[in-house]
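Asks: Here the protein sequences line up with chains A and B, keeping their order. What the first sequence shows, in the numbering used here, is residues 1 to 515, in sequence order. What the second sequence shows, in the numbering used here, is residues 516 to 633, in sequence order.
No lab work stands behind these hints: they were computed from the structure. The C-beta atom is built at its ideal place from N, Cα and C for all residues, glycine as well. Please note: incorrect hints may appear among the correct ones.
What the simulated footprint calls covered on chain B by chain A, stretch by stretch (three residues with Cβ under 8 Å from a Cβ of chain A suffice, anywhere in the stretch; the number is not a length) [to be verified]:
#1 523 to 531
#2 553 to 563
#3 572 to 584
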Amino acid sequence: MSDQEYEVIATVSPRSLGPSSLFDQDAAITADNVAQFNSDPSDVRDAKRALIRGGFHVFEEASNDTTISIGGTAKQFKSFFGAKLTRQKAEIGPDETMEFMGTSEEPAAALLQAPKEFEQLIEGAVIARPPTYFAPSAIPPVAPIHANAYQYLTVPDGVAVVLRASRVHRLGVTGKSVVVGMLDTGHYRHAFFTSRGFRLLSTLLGPGASNPSADTNGHGTGESANIFACAPDCRLRPVKTGNDPVGAINVALNSTPKPQVLTNSWGYNLDKPGTSIPNWLKPLEAAVANAVAQGVVVCFSAGNGHLAFPGSHPDVISVGGVHVNLPDENDFEASSYASSFNSTWYPGRACPDVCGLTGKRVNIGGGKAPSLLLPVQQNASLDGIDPQTGPAADGWGLFSGTSAACPQIAGIVALMLEKDPTLTPAKAKEKLKKSARDVKKGSTANGDTAVAGPDLATGSGLADAKWAYLNTMGDVATTFFSAPKEQQMAMVSSGAMPEISQDFVDDLIETLRSR
Amino acid sequence: MPPADEIHAQLVMKREDGSSILDAGQPSTSENIGQAGLPEDRIARIRGRVEALGFVVSAQDPNTLSISGARELFDNVFAMEPGSADEPSTGLHAGGIPSELSDFVADVFVTPGPEFFP
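Using the sequences and the hints, build the whole thing.
Replies: Structure below.
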């Protein structure tokens, strides 16, 4: 019989050395008094013999000087201890139960008495009940995914690896101190964030928004995980947006600490041929321009087949989508779910500039793009998005349009800003584009096909955090060598200009070879 | 407690010469937005007038104010009406600006919420 096959497990206490039984003691049993509940070794030996003769298995490895662990059938326990056992259920975790044989919890029934002949040797026994496990997340993120779905990425690691942000993290650059503002549906403190110690500033309310601690949609909470995947030590400032995005932008810009990056996974599907920007969007156009004029790097999703404004505003980093064909993390294609378009409102403006990771269109769940498993508030709208991730209210959702790609780019910008806080929005965009990895196949939701070199489908291609960082370092080095001595000293002492180690050079060579 | 029919809107402010960002013949970008903004003292004056009418100002930038109030207040002051047919997706905007504000306010917009891209 294996250990798992014992119907009933119990803990037996042989006669204690002290005056009280282990089961009589009213006071707490602590390190100070536990010795008096130990038993004489000869009593332990005799008790074990008696139990084995009674047909029980003694778990030697689970026994000590105070108690003996035994296993056996309900019948054996009834015969030896006179125990009345019934089949019971215990909740051992969220939505998880375990069956076991147990006594009533009434003290008189719960304490099993030894037969008369052993009552001087054995003080009593108690049946083991399964404990409740306090899992770190409500439900493990293991999902029976729809048959038509495909392999998906998780945050933070999956995204960090494919965008090569993890390579930057190993150099000690993690977005430290950089504040990223996110205008979205709010932010729920999911265990995903708190258990990793991600830095969450209080959620601010845009005009018309309420209840800052809730995100009943799930969009803001889920997409924010993409920021931390790329910049785990940045500080996130969520701004819950009502119907007044201009007000929300201004709330973000006027907050302390002021965000250096704003990520926006939303827009209006209106930049269509034959139209011009309507008056009611002029305030938003001005608010975006104003943010960038203040030196804030503003990222916007280009849309999921939408012709999205402000994703088409000339000042923003317009973010499109690339799909990675796992398990080959270097096999990319333009996402059939993401936008690509020439702006009508801003002639000469092509969207996107650069891409993050998104899913591709599949014929499930209304044609969504299930490629990233993201944390959401339980029962939020996106908790139940198709394809399901296990139970409907498990606090995880599979969704990954350009809403996911945009905060990934914001996270990469945070890495660049940690190293070079003087980086302007225009420079940040230029460096991201210059460092992106070319995507040469696949077609977007708008029908544009990726080819070698920059194209309308993916702009400059998929963002490469490592190369963007190294690109930024090149500027820092240029500034360093042209700076006066005092500034050089300041740059070295602040860590802005690190000593170039052999590791760094080796890493640079490896990165070059792998691109 | 805000009234149940509270609405939020963007009020576009006029510069001293009577122009606003709605009159710009070119897109507002980081290159030109610096010249478009109103000076602080004018913004404060407009803000004061709007607040005196009972509106709450919750945010501002150099060109616009985020204001809120009961629907009735908006209707009484700005005669809110649906946007014109050639302006897609507009919610409401001001059908008229009262004379005491006409030198300061170009228009008021209640915009539809944006779309998210999950």
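Asks: Take the hints in turn and mark each one as holding or not.
Replies: Hint-by-hint comparison with the structure:
1. Here the stretch 523 to 531 of chain B counts 4 residues with a CB under 8 Å from a CB of chain A, which clears the bar of 3, and the coverage holds.
2. For the stretch 553 to 563 of chain B, the assignment as covered by chain A is violated, since 0 residues bring a beta-carbon within under 8 Å of that chain's beta-carbons and 3 are needed.
3. A stretch counts as covered by a chain when three or more of its residues have a beta carbon under 8 Å from one of that chain; for the stretch 572 to 584 of chain B and chain A the count is 9, and the coverage holds.
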